[in-house]
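With the hints as constraints, model all of the structure from the sequences given.
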Amino acid sequence: MKNKSLPLIILGLLLLGLVIFSFFQRGEINTKTKVIADKTEQIENLEMNLQRETESKEIAIEKSENLEEANTQLEEEKSVLNKEITKLKKEIKNLKLRIDTQRETIEGIRATIKEKENKILALESDIAGLNSKKRADREKIKLLETEKKLLADDIGKLTVENTSILTEKDDLVNQMLDKQEEEEIYKSKMEIIENTSISFQLVSPRSNKNGKEVRRIKKGNWNFTVVELSMFHENMEMLENEKFILRILDSRTRVPLAIRQSNPQFPDSPTNAKEIPFIFTTNPVSLEHYNNENKKGNSYEINILYVVDDKEFLMQHGAVRIAENGKFIPIGYEGGTE
Numbered sequence: 018m019k020n021k022s023l024p025l026i027i028l029g030l031l032l033l034g035l036v037i038f039s040f041f042q043r044g045e046i047n048t049k050t051k052v053i054a055d056k057t058e059q060i061e062n063l064e065m066n067l068q069r070e071t072e073s074k075e076i077a078i079e080k081s082e083n084l085e086e087a088n089t090q091l092e093e094e095k096s097v098l099n100k101e102i103t104k105l106k107k108e109i110k111n112l113k114l115r116i117d118t119q120r121e122t123i124e125g126i127r128a129t130i131k132e133k134e135n136k137i138l139a140l141e142s143d144i145a146g147l148n149s150k151k152r153a154d155r156e157k158i159k160l161l162e163t164e165k166k167l168l169a170d171d172i173g174k175l176t177v178e179n180t181s182i183l184t185e186k187d188d189l190v191n192q193m194l195d196k197q198e199e200e201e202i203y204k205s206k207m208e209i210i211e212n213t214s215i216s217f218q219l220v221s222p223r224s225n226k227n228g229k230e231v232r233r234i235k236k237g238n239w240n241f242t243v244v245e246l247s248m249f250h251e252n253m254e255m256l257e258n259e260k261f262i263l264r265i266l267d268s269r270t271r272v273p274l275a276i277r278q279s280n281p282q283f284p285d286s287p288t289n290a291k292e293i294p295f296i297f298t299t300n301p302v303s304l305e306h307y308n309n310e311n312k313k314g315n316s317y318e319i320n321i322l323y324v325v326d327d328k329e330f331l332m333q334h335g336a337v338r339i340a341e342n343g344k345f346i347p348i349g350y351e352g353g354t355e
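Going by the numbering used here, the first residue of the sequence shown is number 18, and it counts up by one from there.
Hints are computed from structural coordinates only; laboratory data are not their basis. Check each hint, because a few of them may be wrong.
Claimed, not checked - With a Cα cut of at most 20 Å, we get these calculated SDA-like pairs of lysine to any residue:
no., residue 1, residue 2
1, K312, L263
2, K229, V243
3, K260, K312
Bear in mind the structure is a predicted one, so any value in this text is a computation, not a measurement.
And the structure:
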């Protein structure tokens, strides 16, 4: 009987040991599984943080590159104005030299005329003295009269020359005044470009005019942009009735979005224009931009340019990013719909 119970006891002990072993194994497996899950989560968080940091650095680099490009563009445009100002300064300097030369010539002619007039007075005195004598020397009087006539002719020619030079001098003075006025105009244009601050109070990207703001650039969801901005200068009168333009352009390709839809067959049509012109009168300035093309880029910006003699100059504070990596940057509104 005892011999028959022994195997059962041994089998029971083995089963009990197996159960205990399984229990500890399961606990160890659960512990390892949790450790693996925690490590996996840490790795995923690290990868996510790394991706965010990489994207952040890429955005910072892109912004830096775009800022550098905008500054380069601005410096190039300012260089054009500075060249005009330098050119005008040179022209004004040359005109001043010519005016000084004319002034010296006029003074010389006047001195010569005065000298000849004094000679004529002396001759008239001599002629009068000869005529007062009882036996006047007619031959000498005749010679003196001839000399007087020659002097009078010379004075007449000098007077004509003097009048001509005076006219030319007056013309040079007017040219110089025009150039000085033009120089001041260009200086004021430079002042407007460099020292006008621009506040973008609202940039609202929408699918249509009365729609809500969109959050991301998707196919066909961004067709309309409402822009409200204000411009400030120490002397606001300088801005009045000046012409500016607004452009929305791809930050990477620098290609502007056409108004409505680009049509290469009609490049000069109003609907193919690449900007919205406006004349500044008062703040705020409200503008509406419509383009129903599918947007190929994922980063866009607004540029405000100043128009001077049909040339366009980017304002010092006239660039603002409105979309980055497919996401719109809220300006004057909170978030937006997808």
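Here is what the structure says about each hint:
1. K312 <-> L263: Measuring from Cα to Cα gives roughly 18 Å; hence the hint holds.
2. K229 <-> V243: 11 Å, holds
3. K260 <-> K312: Violated, because 28 Å separates the two Cα atoms, which is more than 20 Å.
The structure shown violates just one earlier hint, number 3.
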